[in-house]
Every structure is written in structure tokens, then in C-alpha cells.
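Chemist: Sequence:
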Amino acid sequence: MTSLARETMLVDAHITTMTVHNLYLFDRNGVCLHYSEWHRKKQAGIPKEEEYKLMYGMLFSIRSFVSKMSPLDMKDGFLAFQTSRYKLHYYETPTGIKVVMNTDLGVGPIRDVLHHIYSALYVELVVKNPLCPLGQTVQSELFRSRLDSYVRSLPFFSARAG
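Residue 221, in the working numbering, is where the sequence shown stops; the numbers in between run on with no holes.
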């Protein structure tokens, strides 16, 4: 087997294991409006409400750090960061809604995916729905199911991740 064939197999193997771990949706005040998880292997070991506060606090701190320390004009601001195990993708709307998705490291920029979740799912199914009170946890089953279907349809979502 040539080294190119071996390298291609490794790349293909890596692609098939890419996945989405979880997603948070926060309002401008740090209220977690929605949380979903798909392939999250390790739990935080604390109540979900505490996890939401930690996540929002970290996002607030990173945004502040990036805006103050960047040597260049940060038109788009903070978009993502990664650890040795996962990548956090971040999208903030002009109204302060924050969409956060954790994925495997191999997933590239997904700003368009996060924008779609906000504009085509959240705005259309929650904001425009008079039965969904804004500023509270999303209770819409239609939103939850459409979000789940959309995330599962993404090219980097793998049902075989494990």
C-alpha cells in the first residue's frame, strides 16, 4: 500500500468519525434557551443549570479577551476555539442570541450552519410563534425535532461516532 493510499484511508477514517457533541442556545442575558446533545461522551458532573452558567461565563470572558487583545479589527469577533479533544463553534446575532456547537476537531468553519439554526429554526419556529414566550426555555417540540433532523443531516454528523 502506498503512503498516499494509507494517508487517504486515515483521512477517510477520520471524516467518518466526525460528529456533533452538543448545542447551546443562550439569550443576551445568559439564559440557556435550549440545549441538545447527540454524541457527548463525558458529562460535566454538575447540574445542567451550573453547566449553562459556566459555559456562558466562559463565552463572555473569551469574547471580552478577544475584543481587547486582538491586534486587528475583529469585525466578526470570536468564532471558534479548540482544545485537544473538541472544537467549540460560536455565532452571535445582533440581538445577542448566542448559538454554540461543540464538534470533533475535524469539523471546519460552520458559521453558516449556526446562522441557519438561528434564522431558519429559532426565528421561524420560536420567535414568530405567539405560543412561545421569549426569554424562557424553548418548549416547542417542533423546534426540537426540526433542530434534531437538521443537525443529523449535516455532512459532519456521524451516527457511528463512538
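Worth flagging that the hints you see were computed from the coordinates, not collected in a lab. Since we're looking at a predicted model, the values are computed, not measured. Glycine residues also receive a C-beta, built at the ideal position from the N, C-alpha and C atoms. Among these hints, one or two may not hold up.
[Said to hold, decoys possible] The calculated lysine-lysine pairs, modelled on PhoX-like cross-linking and capped at a C-alpha distance of 20 Å, are: (1) 146 / 100; (2) 101 / 112; (3) 146 / 101.
[Claimed, not checked] So the derived label-pair ranges between C-beta atoms look like this: (4) 128 / 193: 19 to 25 Å; (5) 116 / 95: 29 to 35 Å; (6) 179 / 125: 36 to 42 Å.
Chemist: State for each hint whether it applies.
Modeler: Now for the hints, and whether the structure bears them out:
1. The straight-line distance between the Cα atoms of residue 146 and residue 100 is roughly 14 Å, inside the 20 Å bound, and the hint therefore holds.
2. Proposed proximity of residue 101 and residue 112 is supported: the alpha carbons are some 18 Å apart, at most 20 Å.
3. At roughly 15 Å between alpha-carbon atoms, residue 146 and residue 101 fall within 20 Å of each other, so this suggested pair holds.
4. In this structure, residue 128 and residue 193 break the distance hint of 19 to 25 Å, their C-beta atoms being roughly 33 Å apart.
5. Separated by about 21 Å at the C-beta atoms, residue 116 and residue 95 break the suggested range of 29 to 35 Å.
6. The hint said 36 to 42 Å for the Cβ distance between residue 179 and residue 125, and at roughly 27 Å that hint is violated.
In this structure, the hints that do not hold are numbers 4, 5 and 6, in rising order.
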